[in-house]
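S.K.: Chain residues, written in single-letter form:
There are 2 protein chains.
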Amino acid sequence: MRRVILNKGEQFSNKHLKRTGAFNARAMEAATNIIEQVREQGDAALRELTERFDGVAIEDFRVPAEAIEAAAAKVDPKTEEALKKAAKQIREFHERQVKQSWFSVREDGALVGAKVTPLESVGIYVPGGRALYPSTVLMNALPAAVAGVERIVCVTPPTKDGSIDPVVLEACRLAGVTEIYTVGGAQAVAALAYGTETIEPVCKITGPGNAFVAAAKKIVSGDVGIDMIAGPSEVCVVADETADPAMVAIDLMAQAEHDPLASCYLVTFDEGYADKVEAAIDGHMKASTRAEITTASLADQGLVVICDSMEQAIQSVNVIAPEHLELHFDGAFEQLGAIRNAGAIFVGEWTPEAVGDYVAGPNHTLPTGGTARYASPLSTDEFVKHSSVIQYSAKSLANDADAVIAIARHEGLWAHARSVELRKALVETGDIYGLDGADE
Amino acid sequence: MRRVILNKGEQFSNKHLKRTGAFNARAMEAATNIIEQVREQGDAALRELTERFDGVAIEDFRVPAEAIEAAAAKVDPKTEEALKKAAKQIREFHERQVKQSWFSVREDGALVGAKVTPLESVGIYVPGGRALYPSTVLMNALPAAVAGVERIVCVTPPTKDGSIDPVVLEACRLAGVTEIYTVGGAQAVAALAYGTETIEPVCKITGPGNAFVAAAKKIVSGDVGIDMIAGPSEVCVVADETADPAMVAIDLMAQAEHDPLASCYLVTFDEGYADKVEAAIDGHMKASTRAEITTASLADQGLVVICDSMEQAIQSVNVIAPEHLELHFDGAFEQLGAIRNAGAIFVGEWTPEAVGDYVAGPNHTLPTGGTARYASPLSTDEFVKHSSVIQYSAKSLANDADAVIAIARHEGLWAHARSVELRKALVETGDIYGLDGADE
Numbered sequence: 556m557r558r559v560i561l562n563k564g565e566q567f568s569n570k571h572l573k574r575t576g577a578f579n580a581r582a583m584e585a586a587t588n589i590i591e592q593v594r595e596q597g598d599a600a601l602r603e604l605t606e607r608f609d610g611v612a613i614e615d616f617r618v619p620a621e622a623i624e625a626a627a628a629k630v631d632p633k634t635e636e637a638l639k640k641a642a643k644q645i646r647e648f649h650e651r652q653v654k655q656s657w658f659s660v661r662e663d664g665a666l667v668g669a670k671v672t673p674l675e676s677v678g679i680y681v682p683g684g685r686a687l688y689p690s691t692v693l694m695n696a697l698p699a700a701v702a703g704v705e706r707i708v709c710v711t712p713p714t715k716d717g718s719i720d721p722v723v724l725e726a727c728r729l730a731g732v733t734e735i736y737t738v739g740g741a742q743a744v745a746a747l748a749y750g751t752e753t754i755e756p757v758c759k760i761t762g763p764g765n766a767f768v769a770a771a772k773k774i775v776s777g778d779v780g781i782d783m784i785a786g787p788s789e790v791c792v793v794a795d796e797t798a799d800p801a802m803v804a805i806d807l808m809a810q811a812e813h814d815p816l817a818s819c820y821l822v823t824f825d826e827g828y829a830d831k832v833e834a835a836i837d838g839h840m841k842a843s844t845r846a847e848i849t850t851a852s853l854a855d856q857g858l859v860v861i862c863d864s865m866e867q868a869i870q871s872v873n874v875i876a877p878e879h880l881e882l883h884f885d886g887a888f889e890q891l892g893a894i895r896n897a898g899a900i901f902v903g904e905w906t907p908e909a910v911g912d913y914v915a916g917p918n919h920t921l922p923t924g925g926t927a928r929y930a931s932p933l934s935t936d937e938f939v940k941h942s943s944v945i946q947y948s949a950k951s952l953a954n955d956a957d958a959v960i961a962i963a964r965h966e967g968l969w970a971h972a973r974s975v976e977l978r979k980a981l982v983e984t985g986d987i988y989g990l991d992g993a994d995e
Numbered sequence: 556m557r558r559v560i561l562n563k564g565e566q567f568s569n570k571h572l573k574r575t576g577a578f579n580a581r582a583m584e585a586a587t588n589i590i591e592q593v594r595e596q597g598d599a600a601l602r603e604l605t606e607r608f609d610g611v612a613i614e615d616f617r618v619p620a621e622a623i624e625a626a627a628a629k630v631d632p633k634t635e636e637a638l639k640k641a642a643k644q645i646r647e648f649h650e651r652q653v654k655q656s657w658f659s660v661r662e663d664g665a666l667v668g669a670k671v672t673p674l675e676s677v678g679i680y681v682p683g684g685r686a687l688y689p690s691t692v693l694m695n696a697l698p699a700a701v702a703g704v705e706r707i708v709c710v711t712p713p714t715k716d717g718s719i720d721p722v723v724l725e726a727c728r729l730a731g732v733t734e735i736y737t738v739g740g741a742q743a744v745a746a747l748a749y750g751t752e753t754i755e756p757v758c759k760i761t762g763p764g765n766a767f768v769a770a771a772k773k774i775v776s777g778d779v780g781i782d783m784i785a786g787p788s789e790v791c792v793v794a795d796e797t798a799d800p801a802m803v804a805i806d807l808m809a810q811a812e813h814d815p816l817a818s819c820y821l822v823t824f825d826e827g828y829a830d831k832v833e834a835a836i837d838g839h840m841k842a843s844t845r846a847e848i849t850t851a852s853l854a855d856q857g858l859v860v861i862c863d864s865m866e867q868a869i870q871s872v873n874v875i876a877p878e879h880l881e882l883h884f885d886g887a888f889e890q891l892g893a894i895r896n897a898g899a900i901f902v903g904e905w906t907p908e909a910v911g912d913y914v915a916g917p918n919h920t921l922p923t924g925g926t927a928r929y930a931s932p933l934s935t936d937e938f939v940k941h942s943s944v945i946q947y948s949a950k951s952l953a954n955d956a957d958a959v960i961a962i963a964r965h966e967g968l969w970a971h972a973r974s975v976e977l978r979k980a981l982v983e984t985g986d987i988y989g990l991d992g993a994d995e
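Top line first, the protein sequences correspond to chains A and B. Mapped onto this note's numbering, the consecutive letters of the first sequence carry residue numbers 556 to 995. Mapped onto this note's numbering, the consecutive letters of the second sequence carry residue numbers 556 to 995.
These are calculated hints, taken from the structure and not from any lab test. Hints may be right or wrong, so weigh each one.
Chain copies aren't distinguished; within one or between two, either way the pair holds.
Taking lysine-lysine and the BS3-like style, the derived pairs with C-alpha atoms no more than 25 angstroms apart in a straight line are [as the list claims (entries may be wrong)]:
(1) 670 to 950
(2) 654 to 670
(3) 639 to 831
(4) 979 to 715
(5) 629 to 639
(6) 629 to 640
(7) 715 to 629
(8) 950 to 640
(9) 979 to 841
(10) 633 to 979
(11) 573 to 629
(12) 979 to 643
(13) 979 to 640
(14) 563 to 831
(15) 639 to 715
(16) 950 to 654
(17) 629 to 643
(18) 979 to 950
(19) 573 to 563
Throw the hints in and build the complete structure from the sequences for me.
M.R.: Below, the structure is given as structure tokens:
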């Protein structure tokens, strides 16, 4: 891991980071072409692209209900129990997030408020490829279901034999997914956005994917909603000398093993302590089944920041704005107020990041690449929208008329002012029933 | 206005609409070049581009504090009073939206929750050009201020003499804007996103603008947060024969006068009633100071939908998903549950859309172009983000360990499983104090 040693009073800054933008011109161009093909040719394009990219000929993309029901029997009991526990705890957490409609009535009778409505439909992209991600299903579909979305569509690329992992299917069943299609890549995003003969379009697309999926989401956004574009995974561990180096080491490795581009940050106070953590990494590595990825990631993207004080450590964290932040020191909760930028904060050594990936309850879809400066974890907020509601009485209209007219005139908008003047005149002449013809 | 007459039982559909996508290749290319120039040359680029596009040479973009303080004296008392009333009601509405941090403790001692943190800084784009928009300042800056954002930066293009409208400056002062810069266009967006010698970058950019501003926001998104990309304004009025045609007519005109591309929809039940509304439009038009824009908009974009039933009318509204929806019929509130898709809903004839533009309190930044299917009005949610917070006890770790291990193994993530196994072993051997070295 690279090291940065901060002097007393020195500020950590973006120049210490190796982050690059997420823009990928090649992926954008490829995704644009794929999207056009799917818009023009529908299911035929999906079949051709699936054969080309996944090497499988698929006639019917829709997974039949019987196949979903049959999946549970193929899942081993330990995994089944784990999925059920995860689903329960994720559901309970997200139930606490759901926004309520509300209104407030002013003294003059004007009612203002917001009507919260679930989205009618969402599409969830579940990556396939090297790793199988039932947890992605739970973390996307459960918040949608809790929010009240009626139609929850899951798309995922086929395995080599054209099937879908039974554990993914079972996660879909547990999470309330209503339709599953064996299609992946930018072509699946296009189908969700614009529809084909088989797949009805959805209002919003969520879920992680490779560079082509990310590019496709960016291109269709505006025609449908999308969630954030996820970059490589990140963890930042703040540890002082009271923290067990073996714990810190394995937690750094648990991010590094995702991807050679994953970023691991160790923020600590002493070079000797950092040496101990690196030695512990070497020790763990012997047993790792993903040593190659893990080693590459730590070597290329890993960074140790040696700080002079806790203030400097927290300042560094706020600049890094990590996806995952682990706090391995006494009194960590007291620093929570000072931590502004992090996707999820894991407090204390009993909270390895892995619990947050699967079962703790909070969402594992988190802002990456420093976007935690302004973005939040996926939540039920992503699966509802609100409409403002305004109802004026004749009295409230009369009260506010002059203010509306003054601003409308300043902005040069004649009919804006006139729409209020006409009504105000009716109130002033007392002829307010003339408006709806009730007394005519 | 174009007319569509729906048969009994017929569904309104997207094919009845004339909407096109928001993608503008020319604007994207121009904005890309401008952004690159600002990233390379900083303030010098801002000066050159301002001279080129606004025809004004500006040395110092920052508006001095004295100029802001002095603006109030130049605002006429009626407008000043209107701004203050608007600011008060907008502030009160948005104060009811602010999210709170929360946490919940499970029986086994695990704490899960969310820490809500205001964004550190936001930039607000306030359009100049033909119209002056103090209301844009109030509708963007007040939610940011209410949410607790410390640094609220406003950018707006200069008028021909290099100044900014005093009413806009006064709106900035009332809304708590902390910095104002006389710069507009894609170059202002670039400066807010990446910074120059004079302008520090911000975390998020909000506010409406022309095609180049919209393209620039789309390009910088991901490096900073952005709000929705606003398209042309829209209103949909649902009126039955009890509604005064003169009111319906002036309210349609109040959208049409914004822009030749603004869309006005009248959903009603009888062609004779639609004729009356169109006649009333002709009557009002004689006095309009914006007759040319208004006429062009209604002719090109206006649509009358004649429905057979209230169900069909509401179904049409949900497909249109209008930015503004006015309900001019008795019992409108009873239909609220059936209305899924609308940015803001104005209930009853005493609630012309213009009250929502300025003083009612709810935000006037609303989803356009059918995006109300999945998007919401601007709110304090846009100016805060949350971080998940998780703290496990040794007991909760032991409780959840098997579930984490089972899913991690299924996903093939060795260190994820190992990070939990190591800790579980410590709990089982009772050596849990060994972890932090406290008893060593």
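S.K.: Hint numbers the structure violates, sorted upward?
M.R.: 3, 4, 11, 15 and 16
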